[in-house]
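K.L.:
Here are the chains, one letter per residue:
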Amino acid sequence: MSTPRRVVVVGAGMAAVRLADGLAGRAQVTLLGEEPHPPYNRILLSAVLEGTHAVDDISLRVPDHVDVRLGARAAQIHRAEREVELVDGRRVPYDTLVLATGSIPTLPPIRGLVRVDGRLDERVHAFRSLDDCLRLDAAVPGARAAVVVGGGLLGLQVARALSVRGLDTEVVEGGEHLLRSQVDGKAGRILARDLRRLGTTVYTGARAVRLTDEGLVLDNGFTLDTDLVVLTSGGRPSTALARRAGLTVRRGVVVDDGLASVDDPVVHAIGDCAEHGGRTTGFVPPAWEQAGILADRLAGSRATYAGSRTVARLRASGLDVAVLGDPEHIGGDVVEVTNPVLGSHRKLVVRDGVIVGATLVGDLSQIGLITQYYDRGTVLAQTEPGALLMAERPSRPSTLPDDAEVCACAGVTAGRVRACTSLEDVRASTHATTGCGGCADSVRSLLASRTLEGITP
Amino acid sequence: MTRTHCPYCSLQCGMTLETPHRGALEVAPWPEFPVNRGALCRKGWTATGLRGSRERLTTPLVRDRATGELRAVDWDEALDLVAGRLVALRRDHGPDSVAVFGGGGLTNEKAYALGKFARAVLGTSQVDYNGRWCMSSAASASHRAFGIDRGLPFPLADVEDTEVLVLVGSNLAETMPPAARHLDRLRERGGRVVVIDPRRTPTADRADVVVQPLPGTDLAVALGLLHLLAAAGAVDEHYVATRTTGFEDVRRSLAAWWPERVERVSGVSAGELRDLAGLLAGAERVMVLTARGAEQHSSGTDTVSAWINLTLALGMCGKSGAGYGCLTGQGNGQGGREHGQKADQLPGYRLIDDPVARDHVARVWGVEAGSLPGRGRSAYELLDALGTREGPRALLVHGSNIVVSAPNAGHVAERLAALDLLVVADLVMSETAAVADVVLPVTQWAEETGTMTNLEGRVILRERAVVPPPGVRTDLEVLAGLAERLGRPGTIGTDPEAVFAELGRASAGGSADYAGIDYHRIRDEYGVFWPCPSADHPGTPRLFADRFPTPDGRARCVVVEHHGPAEVVSDDYPLHLTTGRVLAQYQSGAQTRRVRDLPDSGPFVELHPQLADRIGARDGEPVVVVTRRGELEAPASVVDTIRPDTVFVPFHWVGANRLTNDALDPTSRMPEFKACAARISTARDRVATPGTRLVGAAR
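Protein chains in written order, with the numbering used here: chain P, 1 to 457; chain G, 458 to 1156.
Isolated chain G (complex conformation):
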């Protein structure tokens, strides 16, 4: 029996893997693990479904120049080929001609090794990862306010101790179902749950108050609530005066956001805002948690800042059972952003342009600080530059299915096609692997050991339970093999525990300090919360009780303005489009769509009966959603739980992200996945020419 964690979302539910007989691998509960106490959703229960699947890649593949088909080769041939091409590109075009793209599902060890590989082996500044598309807006805003970015500054179970829990753009009952148990227990204790989402989701079904704003207006809602709270005298003046800076400026910015104005902007009535403000004003403990619905906008950072301002104004951050947190999405969305696969960061959440940070990390790596490259392009900007004159000519992808998950995905697919060399390490033939020049088969969860950092900042251990299929290597082995061929043998370790120890040294003194964490402690303590600077440090389950890790110890309130989505609805595109997940699938679906026991319904278009009537659509029949970037045909799902002026498409399948907007947040570089302008028709009424007047079009 092996104790491990689910391969999917950031909840990282504890589970055990059992081998009742040779070759079998079964999931069983791990009731003691505190985050989920034995609960799992169907993704977790079926997590072993890819094992032994014919879909697993078990040999390296190289695209044959003559036929254009992928053909099987051995590892030496594949790695020699990749290394040879990388050396040539670097010689002819400089180190930044090679780029690396990581993922928020990679273990800490892999994320660390990938960043080190990019900086210390390839010498490229061009490294980033799909976590930019996850919680980067919350990360930027948290840094701005608190001087640190740990998704939740408290254990998730603290949710049960609050009085009013506000979920902004989170559908956790579907995206991380076991977390919803905390909502029920909170309500059993008399607490209230508020859900803010354009859709009345299964999470909203468990809430006391549901508010359905237009996509992209959560910022205005926060400003309107804070306006009412300030007027009602609910601001904790002592807290604001002693623990924050900048609040007076924020206070003066609120007079412009009276409730009736917010109503017109957000579609949330002034009455609902007043009721909600009243609920918040009367509570001793308020907790606000944001997720992708609030964050995946070109104003995502400011939106999170507005909600942080609200929690700071109420004096909640650092109080027990209260405060602000972000519900990270990807399995290692937290750890993945801390150890150097982000274009502007080095391990330990250090900034790459900080000379002290560079010196420290260079010492651990045994290289000259001057040899480390500087800041590179952010994820979408990196992809957008591929194959251009100034941009990278080769891309190495680990743990990401860009073709499905990038915004404006049609354009991104064109950029990938313009590369000289695309190398994809994956366990199945994902849509991105399918267009690669070289595909490297890697181990999956349960076949390898490594740590993850869950949404609470708790570092946990996934232990190897089974032997990987023959022909498959770990990502660490792949990177080590390439490093060796690139003249840097020994730079990348292949033993996860040793890599973790090195990561700990590299992170020492940084804000995400792992120096005191080791595998034994993780096993013994149900995980360890960072920062944990030394072996005798207990770890830090709760942050901010006495001070914030800013230079003056105070949290910073920042004035933010609502500007709305980059793309506004128009005559041709009169509807709002938003995207999200369904319970049975995870991210780009590369894994979950291949698990036989999970229903793969394919994409669908959710719309309100009023809108369905308007365009003559019937439930289950095909409709076409068109945006300025692409179109998607999928069956209509007619539900009265969505705003009638908004349509929703799940993003686990090819297509949804051909529709989404690549406008970026100026601070976090987060694309605007969650709001753009669209039009819809039934497939039989499909109108290809923009400008044609449709029913449902605006004047």
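Just chain P, same shape as in the assembly:
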């Protein structure tokens, strides 16, 4: 199989850059980015809003010789001619086309979001692109209060960021609890409590129905007086271009195990816009996995994509959340420890000894290991899931038995130290304390207890 000469990627987001990285030196790559900004790490936008990262800090490195065209919006794909037509009429020829168009936010049905002139009410913000983030960032200094619509991962991140920036922040979630598509009610309630403790009010089971001059009106009768309304409640794969090109689109652009469109072998889709095995994903790791596999395939490998394991991590100061897979729907034996006093809820879903899903809220002390087990599909013993959720209890005997080694450097046991009369004696006759010096305290206390034993009848 020969290497494609011209790979054109519609999109210049995370998946697109990863693909370009993987193809570096193996193809002539063009990225068509709709946004005016060079590629950046989208998942750090809430960090920019919070102020922990500057815009420069989230700028992604693009390999040399990749042609990145900014402000280049694709209007049509001419599959027969193998060309992408941009809105300005220019055409970009391809040998291989990759759709990495991501997703677009959906507007919730709230009256008053859009003004009579067809523009969004100026209090209303989306939070998908860097421009969205910068616009919101610019509005923060003049604002006192904000309402975040949507209690999902993005909503909580934005709420925390705004709260850290000093705004009175409220979260409105239509479902019965926060993170309703990822976690159970216990976890959601702990999060709501954490947020309240951090000064953010949470309204669950409440829908925003109207935006008026008084504020955001909820269907429970409350009206939230606010300067900013941030919509985080959903997105859908951006598929209009594919649809117009006659490619099969369900929720996303339907691709096979080779990440090619089921209609056209030279057109591929990766990331949020792609639908594989009936699923779309909204996370970076699967998008990157797809990008890596596609890069290898375009360079001649026969690697295939078989779906990804997802680990969703909330990036928000003061809230510790990780969701591995889909713990509420996968099914299996559930091992869980909830400690409302500490504000933690941890749950492992185990099938045939394998952790197939997990929710960790408020205590991520074992996340490094649990994630490894989940990612590798490690078969655990029956005791292990429980042990993973228990606190470690290091135990040390209070008095050292005579055969316990006190000084590793010289190989000296407690008994030999006890047989000595003084520190000088220990040094001369055993060489204990003459190496790394780490046993000096133990030796002193052994000698001291020996003295005590000597006087005590």
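No lab work stands behind these hints, which were simulated from the structure alone.
Beta carbons: idealized from backbone N, C-alpha and C, even for Gly.
Residues of chain P clear of chain G, computed beta-carbon distances all greater than 12 angstroms: (1) ASP88; (2) GLY89; (3) ILE104; (4) PRO105; (5) LEU107; (6) ASP132; (7) ALA138; (8) ASP168; (9) GLY246; (10) VAL334; (11) LEU342; (12) ALA414.
Residues from chain P that face chain G, not an exhaustive set, calculated with beta carbons under 10 angstroms: (13) ARG61; (14) LEU369; (15) GLY435.
Dock chain G against the given chain P, drawing on the hints supplied.
P.N.:
Below, chain G alone, put in the same frame as chain P:
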């Protein structure tokens, strides 16, 4: 009373040897020597344990063709035989049919003579040494960044003056115990110690912060920390702008390594990374020291580069009490790599393909520059080629026990067996000597004089304290005897002090310049730090204060990516295997396993209680570790200080390196000793067929 240094690790602790009565030799402290101030570990205290041992070789041995057994011969017969075979091989197959393999435990004089012997006597390009398996990744990365490779660019005691000390893959409390005293003094002064290691080692027990990443992910951890440091505004912008190049590219590479991604890759939680980044960001002085845990990977060079990038970003290199350093492992790991036993180098750390370097060294050697061979194979590649159609047919080994220490050791043993001639110079019947055609008994430490260069770049002197047993020769005498028989009499000197002076001339003008160092100065000054270009030069304890020895005087930041170990865990091999040392043994154990006062526990397999439960293993009972290359049965050591997804085996005994991976770092040619995929079972549940589903296997 003789002042000398311990025969083992790169700390080269000062000690004195006393002969209280005839025939006895006892170790006593040398309290004034600044590196260890009189402290020694049990290896040092018992260092005279091989003297007079029945295990010492005292006569040359030649394998009898008829019986296949080794039989004693006299020196002339042994050397005549070796020289005759070498001449014939060279005549029939060219000079590269003979290879030379050295060691990082050899003195500077021997390392220099070995390289000279290979190039000027044998005319072979095929010379390398086991230091490739030691600190070569750090050496490559240091060269890339700083234009020079000296393990520590400052005296070890400077550790006490830093604020935050980060040890990456170092277990110095066990591998060089007296060095751990510096950690304690640092902490007494309010400094903090950070240890990054998959195992909570005795070194970690003396640390304030312990981070336990998966084996082979130190690079990702460094990227994640630098991501956080850059975002926090902790980059020293003035320093980066005036003293480095390439940082802007590095900065842009960091956006892809946010903490939650690093967490998933490394098993270190984002919270731990943030805490550690906070500690580093708030410190005026940060020192990062790497050792084998970070370096012995197929991405070892890039891993070290990532940590160097971090120290450069913080503006630490060249600042007092701060910077980057490598804790070299072998006794003369530093000097051994500077004077020409490395396939691509000539004395003074010169590159063998640099025409100016060739001219200079050829002049000192009195040969034509054109007669010097070019670059040869790196250590593992050399061994891998032995006995093949293209590869060497004879191998001379000095100061290395390849059969135990090479990666994928089962394969290496097969290559050795394919040789026409294997000659091993050693002091005991090591596992490698045991398979040789000719074994040459050589002097050990305390029976000969020579210099070493410790981990600080301090050149020190080991003085002869006793007369060697009859029948034993020095390595220099062996090489001189062979040179004479190969028609190059006088090429190799036998007086160490004279060889050192020649080495000084050969190194003059090179980056490791020893020209101004002599034995008197070493005695008077507690060693001399290179570079020391002239007799009136004070030596250079600290590097980089004003500039880096690169063409533009700036340090180079290099963009590096994390790719992880060459071998990933799989259904059949679901665990990570890593290797390391124990306190009472040194390297392949050829010496220490024969010292009666050192406990020789044999290999063991360290695993976590959770994993032990999973496979039904109990502490002390035998378990079997299997990798794609080999297997090892040894008692289980069940400890809660290791990651539950990782097992550890010490490498001082035959077996550990039959398991390890021979994937090489593309730059340093370092094998991946420290990470491969393995499975484990109890000996009674031993399952030989791969693919069988075990508890503990992955789906």
